[in-house]
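Asker: Protein chains in written order, with our numbering: chain A, 1 to 216; chain B, 1001 to 1213.
Since no wrong hints were added, every one of them can be taken at face value.
If you anchor each label on the Cβ, the simulated ranges turn out as follows:
(1) B:L1038 - A:K79: 54 to 60 Å
(2) A:L57 - B:L1180: 16 to 22 Å
(3) A:L57 - B:L1172: 24 to 30 Å
(4) B:Q1120 - A:T8: 48 to 54 Å
(5) B:P1039 - A:L12: 31 to 37 Å
Residues of chain A placed beyond 10 Å of chain B at every Cβ, according to the derived structure:
(6) L12
(7) A16
(8) T35
(9) V83
(10) A108
(11) A120
(12) I122
(13) N125
(14) D134
(15) P138
(16) M205
(17) L213
Since the hints were derived computationally from the structure, they do not count as laboratory data. All values reported here derive from a predicted model rather than from experimental measurement. We treat Cβ as the ideally placed atom computed from N, Cα and C, and that holds for glycine.
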Amino acid sequence: MMWDWTFTFEILPVLARAAIMTIEATALGFAIAATLGLVLASIRLAFPAAGVVVTVLVELIRSTPLLIQIFFLYFVLPKAGIVLDAFTAGVAAIGIHYAAYCSEVYRAGFENVPRGQWEASIALNLSPWNTFKDIILPQALPPIVPALGNYLIALFKETPLLSAIAVLELMQTAKNIGSETFRYTEPVTLVGVFFLVMSLVSAGMVRMLESWLQRR
Amino acid sequence: MPGLFEGAVLTVEITLLGAVLAVFMALIAALAKLYSPLPIRWLSTTYIEIFRGTSALVQLFWLYFVLPQFGVFLDAFLVAVLALGLNIGAYGAEVVRGAILSVARGQWEASIALNMSKAQMLRRIILPQAFTAMIPPWGNLFIELVKSTSLVSLITLADLTFKAQQMNQTTLKTVPVFTLVLLIYLAISLTVTIAMRLLEQRASKGLTRGRVA
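Here chain A stands alone, though its shape is the one from the complex (with noise of 0.2 Å):
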């Protein structure tokens, strides 16, 4: 079967709209990705008693698979009586998958930073807050910042994951589109294209950034 150009412009518009959707997937994930693994990472630097209860959760995110953790939000959660959309559910999975991920990061980046740091911050009398916030976070930050851009190519891969429990990203869009016309070839190969076009144009803007940080 050869490929179809009057179909491809057919469903072009269609599959653009879904890949808005499988974009703010991906904004809305890394955000809470971002800001859960800060939290997991400062948690495990200020409390070391309550750092074995992150790490326990950190490597049993880390070691079982996105979609069960996408399944676990979206069935087990409203037995509980907390009923999330897919489109919520599902994001809110990929987040916090992408956060134990991250955590790790900012630790490697926290202790990336010189003990002595921290005791010249004590000599100087500030608060572990302050110290943390003006001392550590800043030279931490460089290092950082590459390796969460990686997590953020990994996150938009797996949203097509979310076509599992019937989001309408491009995956599950694609998917209608092959069951409806029975032409799978133009359509789930434009998802892959336009995956992989993403995917090297954000490796690229993550080489500039990191290039432009180790510059200053």
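Since chain A is already given, all that's left is putting chain B on it; use the hints.
Answerer: Leaving out everything else, chain B in the frame of chain A:
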């Protein structure tokens, strides 16, 4: 519970076969990218970028739905192993390449001084040392592989995730079913982690990596 066990067996099978394919593809792609004439180098770069740049689920769907339209019919199991193996293999290629490049330059120079051929050099001097360096990142990739096998449920393979969904629909015991499945995946992942840790210890015996002589 027996249903989940059957699903888990399929999950482990796909993981093992996928891992074999991934290691094979990674080695070939990395060696091609490092030591072959330009056109083959481009080919391997294209493979790496395409499989790293598109989503694993998209690749799975492409092989499952699009290939038949070109007259290539593969059964779902084969599609699963191919898609996941090629996907992880593309990431693995960069791991292998990095590990080869991390072998100290002096080792190359010494091999040249000993008049070894390029193939001998790679096989006897470089790859054994690179092997130790690539075990930890491969461990991470194998965990990724374990996790991405859950995607095959979406092309209707009756793996662990598929069985879980089925059981959830028939018994409505949502909480125990999904909790149990998470624990099974955790057990599989932990097994991989421990196995790789052991392999790492064995492989680094007798090597002085990381210590300055």
